[in-house]
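Student: As given, the protein sequences belong to chains A and B, one line each in that order.
Going letter by letter, the first sequence gives residues 1 to 226 in the working numbering.
Going letter by letter, the second sequence gives residues 1 to 226 in the working numbering.
I should point out that these hints are in silico values taken from the structure, not numbers from a laboratory.
Worth double-checking, as some hints may not be accurate.
Label-pair restraints from in silico Cβ distances [as the list claims (entries may be wrong)]:
1) A/41 to B/9: 25 to 31 Å
2) B/155 to A/188: 20 to 26 Å
3) A/114 to B/31: 51 to 57 Å
To give an idea of the interface, some chain B residues facing chain A are shown, with a C-beta separation under 7 Å as derived from the structure [as the list claims (entries may be wrong)]:
4) 117
5) 119
6) 123
7) 157
8) 158
9) 192
10) 197
11) 199
12) 210
13) 224
14) 226
Residues from chain B that keep clear of chain A, each with C-beta distances beyond 10 Å, as calculated [said to hold, decoys possible]:
15) 22
16) 31
17) 41
18) 57
19) 133
20) 136
21) 155
22) 179
23) 183
24) 217
For clarity, every value in this text was computed on a predicted model and none was experimentally measured.
Positions of the beta carbon are idealized from the N, C-alpha and C atoms, including for glycine.
There are 2 protein chains.
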Amino acid sequence: MRVGVMGTGTVGRVIGARFAELGHDVTIGTRDVDALLARTEPDQMGNEPFASWSEKHPEVKVDTFAGAAASAELLVNATNGAGSLEAMRAAGEQNLDGKVLIDIANPLDVSAGMPPTLFVSNTDSLGEQIQRAFPAVKVVKALNTMNAHVMADPSLVAGGEHTVFVSGDDERAKGQVTEILRSFGWKHILDLGDITTARGTEMYLPLWLRIWGALGSGAFNVAVVQ
Amino acid sequence: MRVGVMGTGTVGRVIGARFAELGHDVTIGTRDVDALLARTEPDQMGNEPFASWSEKHPEVKVDTFAGAAASAELLVNATNGAGSLEAMRAAGEQNLDGKVLIDIANPLDVSAGMPPTLFVSNTDSLGEQIQRAFPAVKVVKALNTMNAHVMADPSLVAGGEHTVFVSGDDERAKGQVTEILRSFGWKHILDLGDITTARGTEMYLPLWLRIWGALGSGAFNVAVVQ
Chain A
1 MRVGVMGTGT VGRVIGARFA ELGHDVTIGT RDVDALLART EPDQMGNEPF
51 ASWSEKHPEV KVDTFAGAAA SAELLVNATN GAGSLEAMRA AGEQNLDGKV
101 LIDIANPLDV SAGMPPTLFV SNTDSLGEQI QRAFPAVKVV KALNTMNAHV
151 MADPSLVAGG EHTVFVSGDD ERAKGQVTEI LRSFGWKHIL DLGDITTARG
201 TEMYLPLWLR IWGALGSGAF NVAVVQ
Chain B
1 MRVGVMGTGT VGRVIGARFA ELGHDVTIGT RDVDALLART EPDQMGNEPF
51 ASWSEKHPEV KVDTFAGAAA SAELLVNATN GAGSLEAMRA AGEQNLDGKV
101 LIDIANPLDV SAGMPPTLFV SNTDSLGEQI QRAFPAVKVV KALNTMNAHV
151 MADPSLVAGG EHTVFVSGDD ERAKGQVTEI LRSFGWKHIL DLGDITTARG
201 TEMYLPLWLR IWGALGSGAF NVAVVQ
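Next comes chain A alone, as it looks inside the complex (with noise of 0.2 Å):
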């Protein structure tokens, strides 16, 4: 399948490299290819910069987020939340319209420092403003409670006997989105209901954060028992 992966940072890189690993074809997208790539200093994350990632994966191509998007048949939206809608309005609606997409984005507003706060929550969500701006996509919310590392392969944290959440409105598209999960190594998928419901998951960032803090390791997931 024809991946396009917006975002450059941990979670668009490590996602890219996954999709790709399973045989994916795999495009990330990025506003500026060659500013991109000229770039030779770590980003604010601290992560490499994206040339030197980019030569040990050449699987994974790189291209503008309209270009990524074009020929993609999936999209994931791996980007900072802030900057989620500028990202899809650049992809453009009409390599956008009728796709499924893996909305992984949070809604981190860190102008404030650290712990970040949310620059929506409570009543309306980020994955909702995308729905709602781009109502031909089939958004699905998944895989924004974790790290990317566990994100991709689960298998990483207690035999991958933990959980991750889907949101969204297209149950069709949930169900793919569910068996790229399943391709992921997930085992326990819950379903929350609609796009709304990705409130409860985004709002959970806040826990997420203050438990990466108590454990001093981001290497964790939730698992719902009963």
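Starting from the known structure of chain A, fit chain B onto it as the hints suggest.
Tutor: The following block gives chain B in isolation, referenced to the frame of chain A:
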């Protein structure tokens, strides 16, 4: 130990009865004892009238907020979050100051229907509001992330292999609450840090509500796994 439980809903009843079962001297506090005992209809959550519950639990005393707090060595806030500060004011600073308060309340706002939103979140929390309003009370946020029956007896779910969080500024108070949680049967108690980390556990409620909806049962919890 003498325990003063503020709140006569499900949480107050179940937690009060659990403390009594464990040998503590429990008084449940309410705004107006006569009015509470005069009610013959189920409450808005469908609970049986307090008077008939009370007849089955003669070991749990009932008093005003001030009366329940005055003699207590340990306080529990099991009120509706919207009424917590008012209940604390009715209890009176002189009856609260210097004591440990287990704050179970959540800032749920049901005024716009279900599922509820939060009336404080993101940059503040109910736990912090209570701590600021009563700086001499040792507030420990705990048990606000599962239903009352699971709070009181974690063995009801997955053999007790799941997680309860504690947040608070006073290390000795958190140590005391940790001992109490162990006496309830909690095996996995995660200290998230100071009272600001209550933002995390309170903001988890919207996810908790959606998981409840997806599972069709409140008899669940999350286990933090590594």
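Student: For each hint given before, does the structure comply? Return the numbers of the non-compliant ones in rising order.
Tutor: 1, 3, 5 and 24
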